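Chains R and V, in that order, give the protein sequences. Position 331, counted from 1, in the first sequence is what our numbering calls 760; the numbers after and before it change by one each time, with no gaps. Position 34, counted from 1, in the second sequence is what our numbering calls 1136; the numbers after and before it change by one each time, with no gaps.
In case anyone wonders, no lab produced these hints; they're calculated from the structure. Just so you know, these numbers come straight off a predicted model, no measurement behind them. Each residue gets a CB set at the ideal place from its N, CA and C atoms; glycine is no exception. You may find that some hints are simply not true.
Said to hold, decoys possible - In the DMTMM-like style, the derived pairs of lysine to aspartate or glutamate whose C-alpha atoms are separated by at most 20 Å in a straight line are: (1) V:K1208 / R:E1326; (2) R:K1292 / V:D1203; (3) V:K1112 / R:E1264; (4) R:K1281 / V:E1123; (5) V:K1167 / V:D1137; (6) R:K1306 / V:D1203; (7) R:K1281 / V:E1125; (8) V:K1119 / R:E1280; (9) R:K1281 / R:E1264; (10) R:K1281 / V:E1195; (11) R:K837 / R:E825; (12) R:K1292 / V:E1121; (13) R:K1292 / V:D1137; (14) R:K1281 / V:E1120; (15) R:K1292 / V:E1206; (16) R:K1281 / V:D1205; (17) R:K1306 / V:E1206; (18) R:K1281 / V:D1137; (19) R:K1445 / R:E1391; (20) R:K1348 / V:D1205; (21) R:K738 / R:D613; (22) R:K1342 / R:D1362; (23) R:K1281 / V:E1121; (24) R:K1306 / V:E1123; (25) R:K1292 / V:D1205.
Claimed, not checked - Residues from chain R that keep clear of chain V, each with C-beta distances beyond 12 Å, as calculated: (26) I472; (27) P662; (28) E849; (29) R1278; (30) E1302; (31) E1352.
Letter by letter, the chains look like this.
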Amino acid sequence: MTEPADIKLKEATPELTDILIKITGVACSTLELSEILSTIAQIIVNAFQKDSCSICLLKPNEKVVCVEAAINTKKEPVATFCLSIDHNELIGKLLGELQPLVFEDVREEPRVKAITKSENDGLLSLLAVPIIRDNAAAGILMLQSKEPYRYSQEEINILTVISHNISVAIRNAELYKNVKTQLDELHIIHEIGKALTSILTMDELLPYICREVSHLFNARGCILRLLEGDNLPIKASFGLPESIKKEMNLRVGEGIAGWVAQTKEPLLVDNVSTGPENQYIPVIEATTVLCVPLKIGEEVIGTLGLYDKKDEWGVTTFTEHDLNSLKTFASVSSIAIENARLYKTETEKEEKILSLYWDVTQIKDYLKSIIDNSADAIIISDTSGIITSWNRRAEEIYGYTEDEALGKFLPMVPEFLIEEEKRAIRKIMQHETISNTETVRKRKDGQQIEISLTLSPVLDSSGKVTGVSGISRDISEKKRLEKELIKRNQELSRLFFINSVIRSTLDLEKLIRMVLTVITMGDGLGFNRAVLFLVDEGNLTFKGVMGVGPADAQEAGHIWQELSTKGKTLEKIIEEIESGLFRKDSYLDKISKNLLIPIDEDCIFFKCATEKKPFNIEDARSNPLVNPILIQGLGTKAFGIVPLITRDKAIGIILVDNLFTERPIKDDDLLFLMGFASHIASAIENAKLFESISFAESELKHIFESISDMVFFTDKDSTIRRINQAVVKRIGKSEAEIIGDKCYKIFHGKNEPLETCPHRKTLETKKSCVEEIEDPHLGGAFVVSNSPILDSAGNILGTVHIARDVTELRNLRERVTSSERMAALGELAARVAHEIRNPLISVGGFARRLEKRLTGDTAEYAKIIVNEVTRLESILKEILGFVKTSNAAKSSTNVNELVDDIVNLITPEIEEKGNSIIKNISETPIIAVINPDKIREAVLNLIKNASQSTENGTIMVSTKMENEEAVIEIADTGCGIRKEDQKNIFNPFFTTKTQGTGLGLAVTHKIIQEHNGRIKVESLTKEDKETGAEADIGTVFRIFLPIETAAGEQQT
Amino acid sequence: MKLLIVDDDKNIQRFYKEELEEEGYEVIIADTGKDALELFEKENPDVVTLDILMPDIDGISLLRKMKEIRPKTPIIMSTAYDYRDDFAVWASEAYIVKSSDLDELKKTIKKLIS
C-alpha cells in the first residue's frame, strides 16, 4: 500500500528532499507530539504553498478522529476538534481503504463538507492521505487551498511519505512518553526504595506510602488496608478524617477493597454513585476510586485505594495508566510492607532470643544452685561411669568430698552392684530413664545406706548421650518425711473436723459428746474410749461428766465399722452421734457419770491438771498415783490423760484408753490430743458460759414472773407490751387481754393518761422517777417507779413500770408514827417519874411515921397522904416498867417449860380469885430464841388480865406450833372486849378496868414486838352473843413467836 | 445486926434510918459509892441496901465490888426502875422496888438475916 510512495521518493526533487529532511528532523525531535505535529503542518503548508494543513489522529476507541494540529488560512493554528467516523462516509472510506482522497474543488463533492470544519472557510481543494501505523489507520493528513487545485501524483506521493514520517513521529512521541512514565515510576520506586532503607517500622511506613501515593497520583485521599484473617482493617490513610477510619473496616468481599482483596484484581470505578451497591462507600464522598491489591507473589496482604483524582480543572477520573502505575507502586509497597513485617518479626525474634538467653542463663544459675543446695545427691558421670560432677548433698550422703569423687569410677556403688550399674548405664545410653528405684549405696566409711535413685541421660546439643545424671535420696529421711506429712495431714483434717463440730453447737452436752466421739472415731483420733472429767470446785473432785465408747469388744467392732466420717456431712455425723451407739446413757456414759475422783495431791489427775501436761499411764494397776476408782469403774489397764486448760486454768481432764484393741497409747497421740484439748476447753467454757447465760435469762424471766410487785413494759404511747404474773393477778384479766391495751385504761380505768403518771415524766426527762399514786380503780395506794428503756442510740423505746401496793405499808407507817409518838411521851413520863419518885417516897415515908404518932383526925389526914402516895407510886411503877429499855440478851428457850413455870407460879393467885386455870402444853418441845423474863412478863400480864376480867370462870393456857411459829394462847371465859375497844387495847394508858394504868397489855405488846412476833385478840361480849354469834363469850389472846436459829439471832 | 444503907437522898436516908432502927437494927448510911465501899469494908454490915442509881458509882458496879470483898454478905437492890431483867442484878440476894411502904424491905431483911 505504501510501496509506491517509497518508489516515487527516489525521483523526488531536491526541494522535496529538503522538505522530507526537515520533517524527519522534526519528527525525531524530543518535542511534545502536538508541537511536532504543528511544526510538521507548518512545514507542509509552506512547502506546498497551500492555505491549510490539518493532522487528525484516530482516538483509541476508533470512533472519532480528532484534529491534533492544523494551520488555517491565516497561517494560525486552529483549535482541535473531533469528527465521528460513523457519520462521515468519506473519512470512513479513507480510513478503511487507506487510499488518499483528492478533490480539485470540493464544491463538486458534497460529501466533503463534513470533513472540513466550516463550509465558509473558503477552502476548495483537498488532498487527504491516511496516516498508517502497523498497517492500520492511525489518522489523516489533509492539505487544502482556497483556489481549486489539481494535485499532482507527485504531490500525493510526497504527502504520503510525509504521513509516514508523522506516523514515525507519533510512535517516537509515544515511546518517549512511555519512557518518561517509566522514568516516573522508577522515580517512585526509587523513593520507596529509599523509604525501605530508612523506614523499618510499619507505623512509619504505611502512612508514608499513603502520603506519597496520594501526591503521586494527585488523589484526594488514600486508604491502605492490611488483611488480618477475614478482616481488612485500615492501617494507614491520607486525606481522611481520623474518625472515618474506624467506621470503614471491611471484611473480604465487602465494598471495593473487599472485592479487590477477594479477586486479587485491581478495580477502577469511574463513578461510585452509579456503580454496583457493593462498591458504595458510605462515609467518603468520593466519585472515582482506584483500588489495587497489595500482593506478595500471589498472596494478597492488603489493598491500596485512591479516591478522587484532581487536576487543574477539578476532579477527573483515574486512567488505565494510573491503574497500571498504582499496580507497580502497590507491588513495591507490598515488598516494603513485607520487609517491615519481617523486620518487626526479626526484631521480636531477636528480643525473644535475647530474653531466652537470659532465661537460660538464669535457669542455669538456678539449676546450679538447686544442684548445690539440693536435698538430693546429684551426681553426673560420663558414659563410662567416671564422676564429672558431685554436689554438696552427695558429699553429705556418701561421705566423699567433691575432690575425692571427681574422676573416680562410681565410688558409692558397692562391688556387688557394679555390674547392675553398668547395665543401667547402657540403658541410659539408649535414652532410657530409670526413675525412683530403690537400691543400696556404700558410704565412704563402708556403711550401706538405702537410697531412692533416678538415673537419666545427659545429652549434648546434638542429642547424643554424653553422660548419666543420678539423683539419689536417703530413703529413711524420705520415709520419715512422708510419714510426718501424712500425720500432719491427718491432724489438720481432724482439727478441721473438730473445729467445725465445736462451732456447730453451743449446747454443752451435745458439744462434749461430739468431741468425745471424734476422739474415739476410727478416722478421728481412733481411741477406743474417751471419758471427760470436769473439776467440781465446790466438792473438790474431778467429776465424770460423760463417757463415749463401746460397752464391750463386740459392740466395739460394730461401732468402728459404722461410725466413720468418710463421705458424710457434718449434720449427718452429728445425727449419728445423737442417735447412734455413742448416744447418751450408753453403758460407759452411765458409769462415767458416777465417777468422782477426789482432788488430791497424790492423784495423777491432780498432777495432770496442775502440771498442765499429758500423762501416759502404761500400767494403771501398779501405778500408785492412779485412783482405784478409775480401775474399778472403767476396767482400764492403761490410759492417757490430758488436761483441759482454758485461760490458764485447768477445767477438766479427758481420759482415753484402748481397752478393746489393747493398742499401746503413743505419746505422740497424747500430744496431739493435748493440742486440741485447748480448743475443746475453750469451747466447753464458751458453752458453759452460754448455758449460764441462758440459765440467767430463764432465772431473770422467773424472777420477773414471780416478783410480787406489778411489773410491766409500755411503749412510748402507753401501750402495754409485757407484763408479769402479778399484773395478771391484780387486774384479773388474761395476759392476752392486757397486752396491747393502754396502761391508763387497764390500771386506772381512764381513757387518757393520768396527770401524775410517772411514765410521762420519764419520757420527758429520760430519767427514772418514782410517784406515789392513790388509785381508786384498783383500790389502793401504789408506789410506781418508772425507768426508761433506751436503745443503743439513747432514744426512748418505752418505759418499765414497777408498781408496789403500799396500802398495807401506809397503814403500818401510820402505826409506827403513833408508836414513836408514844415512846417519846413515855420517855418524858419516865424522867418525870424518876424525878418525883424519891420525893414521893420521902413524903409517903414520913406520912407513915406521922400516922403512927398521931391520933384522931390528924392521923386520919396522914393516912390519906399515905394512901395517895401509895397510889402515885404504883402509877409510877407501871409507867417506868413500860418505858424502861431492856438490853437483856435472848437465848434458846423451851417455850413449853417457860409457860409451864408461869402457870405454876400464877395458879395460887388465880384460884384465890375464884377462877380455875387449865394447862394445855404441847408435848413436842418448842424452842424459840427469846428473852424468857420478858416473855414471862408478857404472858403473866395476859394471864393476870384474863383473871381480872373473869369471874368464876376458867382460864386456859396452851402452847403449840403453827406454821413455823410458836403460839402461846391465853383464853378466858370472861366478859370479853367490845369491838370498838379491841383496837385500843394495846394502847398505853387505855384501860377498861377500874384498877391499874392499862399499861399491862401495852407492855405485853411491846415485848412481843421486840421478839418480832405478833399478838392477836379474839373476843366476844354478851352483846355479841345476843346478836347471834355462835362462839362462847370470852377473850382469846394469841402470841406468835418466830422460831429462829441461834446464829440468825446473833446477827440481828 | 448492922445494916448499911446506900442512898444519896438525905430524906430517904433519915426515913430508912428511923424506920429500921425502930426495928432494932444498927443502921449506918453511905451517901456516895466511895463511902459505901469504905464503910462496907470497915463496918462489915450484915445486910446492905443499894440504890442502883448513885451519883459517883452505879449500884451494879458497887454490887460487884462488894461481892468481891465479901461475897457472903447479902445485898438488897433497891431502885425506882425495874432492873430485874438485868443479869448483873441477879448476883444480889434480893431486889425490891423503892417505896414509901417499907414492909417489903423489912420482910426481905428479916428473911436474909435468918
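Structure-based check of each hint:
1. Between K1208 (chain V) and E1326 (chain R), the direct Cα distance comes to roughly 33 Å. Violation of the 20 Å bound is thereby established for this hinted pair.
2. Only pairs whose Cα atoms come within 20 Å are accepted, and K1292 (chain R) paired with D1203 (chain V) is accepted, the gap being roughly 12 Å.
3. With a C-alpha separation of about 15 Å, the suggested pair K1112 (chain V) and E1264 (chain R) falls inside the 20 Å cut-off, and the hint holds.
4. Only pairs whose Cα atoms come within 20 Å are accepted, and K1281 (chain R) paired with E1123 (chain V) is accepted, the gap being roughly 15 Å.
5. A distance of roughly 13 Å separates the Cα atoms of K1167 (chain V) and D1137 (chain V); the hinted pair therefore holds under the 20 Å criterion.
6. Distance check on the hinted pair: K1306 (chain R) and D1203 (chain V) sit about 13 Å apart at the alpha-carbon level, within 20 Å; holds.
7. Note on K1281 (chain R) and E1125 (chain V): the hinted pairing holds, with a Cα-Cα distance of about 14 Å set against a maximum of 20 Å.
8. About 17 Å separates the Cα atoms of K1119 (chain V) and E1280 (chain R), which keeps this hinted pair within 20 Å; it holds.
9. Straight-line distance between C-alpha atoms of K1281 (chain R) and E1264 (chain R) comes to about 27 Å, which puts the hinted pair past the 20 Å bound.
10. Of the supplied pair hints, the one linking K1281 (chain R) and E1195 (chain V) is violated, its CA atoms being roughly 30 Å apart against a limit of 20 Å.
11. For the suggested pair K837 (chain R) and E825 (chain R), the alpha carbons sit about 17 Å apart, so the restraint of at most 20 Å is met.
12. Annotation: proposed proximity of K1292 (chain R) to E1121 (chain V) holds, straight-line Cα distance about 17 Å (limit 20 Å).
13. Proposed proximity of K1292 (chain R) and D1137 (chain V) is contradicted: the alpha carbons are some 36 Å apart, above 20 Å.
14. Taking the CA atoms of K1281 (chain R) and E1120 (chain V), the gap is about 13 Å. The hint holds against a cut of 20 Å.
15. Between the alpha carbons of K1292 (chain R) and E1206 (chain V) the distance comes to roughly 19 Å, so the proposed pair stays at or under 20 Å and holds.
16. At most 20 Å may separate the alpha-carbon atoms for a hinted pair to count; K1281 (chain R) and D1205 (chain V) meet this at roughly 14 Å.
17. At most 20 Å may separate the alpha-carbon atoms for a hinted pair to count; K1306 (chain R) and E1206 (chain V) meet this at roughly 15 Å.
18. Between K1281 (chain R) and D1137 (chain V), the direct Cα distance comes to roughly 32 Å. Violation of the 20 Å bound is thereby established for this hinted pair.
19. A threshold of 20 Å between alpha carbons decides the hint, and for K1445 (chain R) with E1391 (chain R) the separation of about 14 Å falls inside it, so the pair holds.
20. Annotation: proposed proximity of K1348 (chain R) to D1205 (chain V) is violated, straight-line Cα distance about 34 Å (limit 20 Å).
21. Note on K738 (chain R) and D613 (chain R): the hinted pairing holds, with a Cα-Cα distance of about 18 Å set against a maximum of 20 Å.
22. Taking the CA atoms of K1342 (chain R) and D1362 (chain R), the gap is near 25 Å; set against the 20 Å cutoff, the hint is violated.
23. About 11 Å separates the Cα atoms of K1281 (chain R) and E1121 (chain V), which keeps this hinted pair within 20 Å; it holds.
24. At roughly 27 Å between alpha-carbon atoms, K1306 (chain R) and E1123 (chain V) are farther apart than 20 Å, so this suggested pair is violated.
25. This hinted pair checks out: K1292 (chain R) and D1205 (chain V) have alpha carbons roughly 16 Å apart, not beyond 20 Å.
26. Non-interface call for I472 (chain R) relative to chain V: holds, since the shortest CB-CB distance, roughly 183 Å, exceeds 12 Å.
27. Listed as outside the interface, P662 (chain R) is consistent with that label: its C-beta sits roughly 125 Å from the nearest C-beta of chain V, beyond the 12 Å cut-off.
28. The Cβ of E849 (chain R) sits about 116 Å from the closest Cβ of chain V, beyond the 12 Å cut-off, so the non-interface label holds.
29. Residue placement check: R1278 (chain R) does not keep its beta carbon more than 12 Å from all beta carbons of chain V (closest about 7 Å).
30. Residue placement check: E1302 (chain R) does not keep its beta carbon more than 12 Å from all beta carbons of chain V (closest about 6 Å).
31. No Cβ of chain V approaches the Cβ of E1352 (chain R) within 12 Å, the least distance being about 29 Å, so the stated non-interface status holds.
Checked against the numbered hints listed earlier, the structure breaks hints 1, 9, 10, 13, 18, 20, 22, 24, 29 and 30; every other hint is satisfied.
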